[in-house]
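Residue numbers (the working numbering), protein chains in the order written: chain A, 135 to 367; chain B, 135 to 367; chain C, 135 to 367; chain D, 135 to 367.
Quick caveat, the hints were computed from the structure, so don't treat them as lab data. Hints should not be assumed to be uniformly reliable.
As the list makes no split between identical chains, a pair holds if one copy fits it or if it spans any two.
As the list claims (entries may be wrong) - In silico EDC-like cross-links for lysine to aspartate or glutamate, where the CA-CA straight-line distance does not exceed 20 Å:
| hint | residue 1 | residue 2 |
| --- | --- | --- |
| 1 | Lys263 | Glu365 |
| 2 | Lys178 | Asp162 |
| 3 | Lys238 | Glu200 |
| 4 | Lys276 | Glu365 |
| 5 | Lys305 | Glu230 |
Number of protein chains: 4
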Amino acid sequence: MTEMPYRNALIIGAGSGISGSLTRLLRDAGLPVVIAARNIDKLKPLVDETGAIALTVDAADPAQVERLLAETEARIGAPEIVVYNASGRVRGPIAELDPAEVGKALGVTALGAFYAVQAAAKRMTPAGKGAILLTGATAGIKGFALSAPFAMGKFALRGLAQSAARELAPKGIHVAHIVVDGGVRAEHRPDPVDKPDSTLDPDAIAQTYLDLLRQHRSAWSWEIEVRPWVETF
Amino acid sequence: MTEMPYRNALIIGAGSGISGSLTRLLRDAGLPVVIAARNIDKLKPLVDETGAIALTVDAADPAQVERLLAETEARIGAPEIVVYNASGRVRGPIAELDPAEVGKALGVTALGAFYAVQAAAKRMTPAGKGAILLTGATAGIKGFALSAPFAMGKFALRGLAQSAARELAPKGIHVAHIVVDGGVRAEHRPDPVDKPDSTLDPDAIAQTYLDLLRQHRSAWSWEIEVRPWVETF
Amino acid sequence: MTEMPYRNALIIGAGSGISGSLTRLLRDAGLPVVIAARNIDKLKPLVDETGAIALTVDAADPAQVERLLAETEARIGAPEIVVYNASGRVRGPIAELDPAEVGKALGVTALGAFYAVQAAAKRMTPAGKGAILLTGATAGIKGFALSAPFAMGKFALRGLAQSAARELAPKGIHVAHIVVDGGVRAEHRPDPVDKPDSTLDPDAIAQTYLDLLRQHRSAWSWEIEVRPWVETF
Amino acid sequence: MTEMPYRNALIIGAGSGISGSLTRLLRDAGLPVVIAARNIDKLKPLVDETGAIALTVDAADPAQVERLLAETEARIGAPEIVVYNASGRVRGPIAELDPAEVGKALGVTALGAFYAVQAAAKRMTPAGKGAILLTGATAGIKGFALSAPFAMGKFALRGLAQSAARELAPKGIHVAHIVVDGGVRAEHRPDPVDKPDSTLDPDAIAQTYLDLLRQHRSAWSWEIEVRPWVETF
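Could you build all of it, start to finish, from the sequences and the hints given here?
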């Protein structure tokens with residue numbers, strides 16, 4: 135089993151699902167973790183459980199993202215792992231969508247990720263080391279009908295991930311894009327009794343994030359998909 | 135040879151390259167054409183040559199795009215062909231880019247295309263007929279290093295195109311994404327003498343746009359790449 | 135309208151659908167056409183209608199393919215257009231398929247295409263000119279359940295097309311892969327009355343082949359998909 | 135850390151690189167391993183080191199593959215992990231390749247994998263459990279010039295992997311395709327001193343295989359790429 139090569143982590147867009155599980159796994163591996171979200175009240179149980187530090191951020195605001203990274207650095211050191219997990223979504227027929235809402239959604243899903251990658255790259259490049267994980271979705275591979283804004287955001291995120299991987303990998307920074315294909319299990323959304331594991335267990339997803347973080351630089355992955363065994367694709 | 139099934143056209147992001155050639159081909163096919171750009175002074179020679187109507191638009195502003203479509207409708211009828219050809223680009227190491235410039239680039243390349251698709255869909259859906267052509271680039275398929283914002287914009291454009299094709303095709307609207315892979319020939323950028331046709335001739339690209347417009351609805355393409363014979367890919 | 139830059143054509147895997155329509159369009163453009171199939175009895179109506187020359191070939195046999203090209207050369211000159219349209223297909227659960235049948239299917243769908251590309255390349259390379267069109271399917275992009283052999287064959291065909299395009303384009307040979315996504319209309323399979331044009335009209339597909347053949351070398355496409363307006367994808 | 139859910143393993147196409155490392159990791163995890171190759175003399179050091187059982191197989195012969203699975207079953211129980219690692223390759227200009235060699239290469243790279251998947255599926259389906267890992271290459275994603283047969287084989291392998299994943303995942307069988315992008319380190323091919331880890335360390339690749347095997351069925355990956363940090367792509 136390879137060792138975890140990083141010493142701390144920042145998760146942007148934290149909630150109770152993937153990011154909650156990931157926070158637990160990282161703490162179990164001994165890393166201090168900062169979790170950031172627009173509204174950190176909802177993060178209180180996770181903070182109480184794991185000792186993670188919760189910070190407020192509007193990920194679509196570049197100044198706030200830069201401040202978040204600076205604050206993270208002050209609290210746990212320059213971040214060596216940055217996970218971007220935030221996204222915005224509006225659905226409906228193209229003709230009926232509110233243009234302003236579409237812009238906001240793209241801001242959170244794609245521009246916010248850029249700001250995070252930028253702020254992370256500034257700190258990781260001098261160290262010659264770091265990992266940036268971007269949470270994608272099937273919508274980043276396939277543009278579904280009635281969901282154009284989410285397709286735009288997640289496609290853009292994938293383009294960012296690929297471009298950043300090409301630029302930053304030779305500087306020692308591992309950039310990876312995780313395509314989460316399917317619904318993530320939650321208390322309010324348990325699996326049907328006759329279809330066990332038909333939704334993605336957030337602990338299982340987080341384990342794959344951890345596997346990526348432990349990869350040796352001679353064999354890095356820039357993209358991986360995860361989906362339930364019974365999911366059609 | 136199949137007939138051109140549309141009666142007029144609007145080209146957003148018009149200049150002297152692809153859009154100039156396309157304007158000529160559409161006029162030759164007998165269609166009135168509106169060409170729109172931020173600065174229409176540069177369009178004067180094209181207007182003089184083809185009789186196209188030039189209108190001003192900042193494609194990143196949804197209100198201006200909606201106004202452009204309304205004005206187009208008033209001048210040549212509800213647009214049956216809408217071509218989106220505008221894009222914004224900033225290059226450089228991720229750490230050095232200006233976040234505001236990145237947001238602007240994404241606004242022109244991706245959000246502007248959404249506004250155009252939306253305004254077009256509103257008018258084409260009632261008619262049950264229309265074509266929307268989106269000018270893409272290799273950056274929408276492959277995210278190159280040192281060009282993250284352009285990758286984000288063109289990936290987003292491709293996601294929009296795919297989602298819009300899935301939603302609008304069954305309503306009779308042909309959405310297609312054209313991946314232009316390589317430099318487009320221009321007066322200031324002629325082909326090297328020993329490498330004829332090593333850049334994309336804008337007339338040749340425009341011919342492929344015309345081929346797409348003439349496709350029968352039983353065999354529509356949603357995506358096509360064009361590149362010079364000697365281009366590596 | 136650009137001119138047809140080639141003087142004759144060979145279609146391998148000819149039948150009544152795409153290849154029949156293409157034979158008619160090429161004859162209308164004034165080109166002599168050889169059509170080849172395992173069983174040429176079924177081609178008699180097409181021969182009577184178009185004056186095409188029918189030759190027998192088992193496309194999975196490299197010696198027969200080479201002989202076909204030589205015979206074609208003797209009859210209408212070295213072929214400048216070669217279309218490969220043959221495929222083999224077996225369906226069913228992986229565990230129940232006959233391995234020998236799988237091998238045969240791959241032989242027709244993929245190896246036969248290689249033999250055709252090879253024989254064509256030998257003749258086109260000295261001329262510095264030619265076009266090779268390979269008829270693909272959605273199965274070459276997406277591997278469906280219960281259809282592993284067809285996925286293998288059509289993926290392989292796409293790999294061949296891409297590799298051949300990269301090798302042969304700079305030698306003046308246009309290689310293109312056409313992804314036919316959906317059922318092709320046939321006498322025994324008309325469209326449902328309430329869903330007009332819900333299958334691919336072979337004439338419409340053939341028109342796209344013709345568009346590819348007329349492309350200028352400064353803007354060649356190596357791949358294009360065609361599907362009915364109402365097809366889900 | 136999740137447990138290894140499988141009890142034994144068969145590796146087809148075994149040598150000293152990836153399969154050697156994987157054999158060691160699986161033995162360390164306590165699994166009996168059968169390693170199979172055309173020539174098992176070269177496997178002697180690995181057998182001596184790990185206690186793996188070496189069996190002879192020509193992977194391109196379906197009867198031999200079926201016999202191999204039966205023999206494996208007799209020796210270590212019905213295989214719960216099957217890794218297909220064999221491939222055949224011929225390089226050169228399309229016009230100069232020997233058609234018979236191309237057929238052979240496709241037989242080893244693609245048909246052999248089908249035979250292995252089939253024989254594995256027959257045994258895993260009744261158990262409702264198993265993992266099939268297929269070793270791919272960049273050539274399965276991108277068809278390079280002068281390497282058409284390898285592109286055909288690896289594309290076909292990817293099509294098989296995707297189709298098999300769709301069919302077999304809902305039966306409890308995890309099918310995954312690993313895209314190895316770059317040269318694998320070997321004694322005769324060490325990294326340049328000034329570019330450490332510029333080739334893929336086979337131990338690092340094997341670790342990713344192990345990560346896939348340990349994935350929970352609620353979040354399976356069907357594909358992952360691995361490449362050195364300094365590899366261009």
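Hints, one by one, checked against the model:
1. Lys263 <-> Glu365: between (36 Å within a copy, 16 Å between copies)
2. Lys178 <-> Asp162: within (18 Å within a copy, 41 Å between copies)
3. Lys238 <-> Glu200: Result: close both inside a copy and across copies, 19 Å intra and 19 Å inter.
4. Lys276 <-> Glu365: both (15 Å within a copy, 15 Å between copies)
5. Lys305 <-> Glu230: Only across copies: lysine 305 and glutamate 230 sit 15 Å apart there, 45 Å inside one copy, limit 20 Å.
Checked against the numbered hints listed earlier, the structure breaks none of them; every hint is satisfied.
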